[in-house]
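A.B. asks: Chains as they are written, first to last, in the numbering used here: chain A, 1 to 109; chain B, 1 to 117.
Simulated from the structure, these hints should not be mistaken for laboratory data. Note that this is a predicted model, so its numbers are computed, not measured. Certain hints may be false.
Subject to a maximum C-alpha distance of 30 angstroms in a straight line, what follows is the list of computed DSSO-like cross-link-like pairs (lysine-lysine) [stated by the list, open to error]: (1) B:Lys-96 / B:Lys-14; (2) B:Lys-14 / A:Lys-70; (3) A:Lys-67 / A:Lys-2; (4) B:Lys-57 / A:Lys-70; (5) B:Lys-14 / B:Lys-57; (6) A:Lys-67 / B:Lys-14.
Here are some chain A residues pointing at chain B (derived, C-beta under 8 angstroms) [to be verified]: (7) Asp-7; (8) Pro-8; (9) Leu-11; (10) Ala-17; (11) Lys-42; (12) Gly-43; (13) Pro-44; (14) Leu-47; (15) Met-48; (16) Asn-92; (17) Trp-99.
If you want the ones that stay clear, here's a sample from chain A, every Cβ over 10 angstroms from chain B, calculated [as the list claims (entries may be wrong)]: (18) Val-13; (19) Pro-14; (20) Asn-55; (21) Asp-58; (22) Asp-66; (23) Pro-81; (24) Gln-96; (25) Ile-106.
Cβ atoms here follow ideal geometry from the backbone N, Cα and C, with glycine treated the same way.
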Amino acid sequence: QKEVEQDPGPLSVPEGAIVSLNCTYSNSAFQYFMWYRQYSRKGPELLMYTYSSGNKEDGRFTAQVDKSSKYISLFIRDSQPSDSATYLCAMNLNYQLIWGAGTKLIIKP
Amino acid sequence: NAGVTQTPKFRILKIGQSMTLQCAQDMNHNYMYWYRQDPGMGLKLIYYSVGAGITDKGEVPNGYNVSRSTTEDFPLRLELAAPSQTSVYFCASSSKGTGVATNEKLFFGSGTQLSVL
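Assemble the whole structure, with the sequences as input and the hints as a guide.
C.D. replies: Quick look at the structure:
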């Protein structure tokens, strides 16, 4: 079993829809949870991070952590074609980050 | 603002050949990292460095070597290329380490797509 599981998709939704992206994890020692966005042929860039459980909102994006269920989510409201990218979750443990495989998101105009 | 610069962007190698992937950052970051990204897999850490002259192995170091003679540069060396090293390689940097107690942001380069045939 992988430490971090993430559905690779692709997930295709119409413009304006609410998108939900998710990761599950097995190690309860993870404390910081991050979402990176990766456009095609580019390196990942940090989108949001959360510490421990709870929600964090930044514009159209909301990150949610449920440590009791070992489950994290990223919600995108009013999705735009420019949101089309691969979204990777990451969690830190000791000196390194443990990454999900990434979910490819396609927003159709 | 260049950030993290990787060269080359694409390369095809024959089995057994050697090459060096270059990485340079202009943000005066102490921490630098090499990752590989394979389809359907998360990023895997190859090597990392906490400062000039200090390097350490990550999760998948076999077949690779690194050096860090300056703060700015962190080249990755493939000595005897094998088909299993076909991947996209990313260099990243950060001002602090990605430890348990920090939420440090990584800055990534645009990657090097390597094929070994």
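A.B. asks: Each of the hints needs a verdict: does it hold here or not?
C.D. replies: Results for each hint:
{"no.": "1", "hint": "B:Lys-96 / B:Lys-14", "result": "violated, 37 angstroms"}
{"no.": "2", "hint": "B:Lys-14 / A:Lys-70", "result": "violated, 43 angstroms"}
{"no.": "3", "hint": "A:Lys-67 / A:Lys-2", "result": "holds, 17 angstroms"}
{"no.": "4", "hint": "B:Lys-57 / A:Lys-70", "result": "holds, 28 angstroms"}
{"no.": "5", "hint": "B:Lys-14 / B:Lys-57", "result": "holds, 25 angstroms"}
{"no.": "6", "hint": "A:Lys-67 / B:Lys-14", "result": "violated, 46 angstroms"}
{"no.": "7", "hint": "Asp-7", "result": "violated, 11 angstroms"}
{"no.": "8", "hint": "Pro-8", "result": "holds, 6 angstroms"}
{"no.": "9", "hint": "Leu-11", "result": "violated, 15 angstroms"}
{"no.": "10", "hint": "Ala-17", "result": "violated, 25 angstroms"}
{"no.": "11", "hint": "Lys-42", "result": "holds, 6 angstroms"}
{"no.": "12", "hint": "Gly-43", "result": "holds, 3 angstroms"}
{"no.": "13", "hint": "Pro-44", "result": "holds, 5 angstroms"}
{"no.": "14", "hint": "Leu-47", "result": "violated, 10 angstroms"}
{"no.": "15", "hint": "Met-48", "result": "violated, 10 angstroms"}
{"no.": "16", "hint": "Asn-92", "result": "holds, 5 angstroms"}
{"no.": "17", "hint": "Trp-99", "result": "holds, 3 angstroms"}
{"no.": "18", "hint": "Val-13", "result": "holds, 21 angstroms"}
{"no.": "19", "hint": "Pro-14", "result": "holds, 26 angstroms"}
{"no.": "20", "hint": "Asn-55", "result": "holds, 16 angstroms"}
{"no.": "21", "hint": "Asp-58", "result": "holds, 14 angstroms"}
{"no.": "22", "hint": "Asp-66", "result": "holds, 18 angstroms"}
{"no.": "23", "hint": "Pro-81", "result": "holds, 22 angstroms"}
{"no.": "24", "hint": "Gln-96", "result": "violated, 5 angstroms"}
{"no.": "25", "hint": "Ile-106", "result": "holds, 17 angstroms"}
Violated hints, in rising order: 1, 2, 6, 7, 9, 10, 14, 15 and 24; the structure is consistent with all others.
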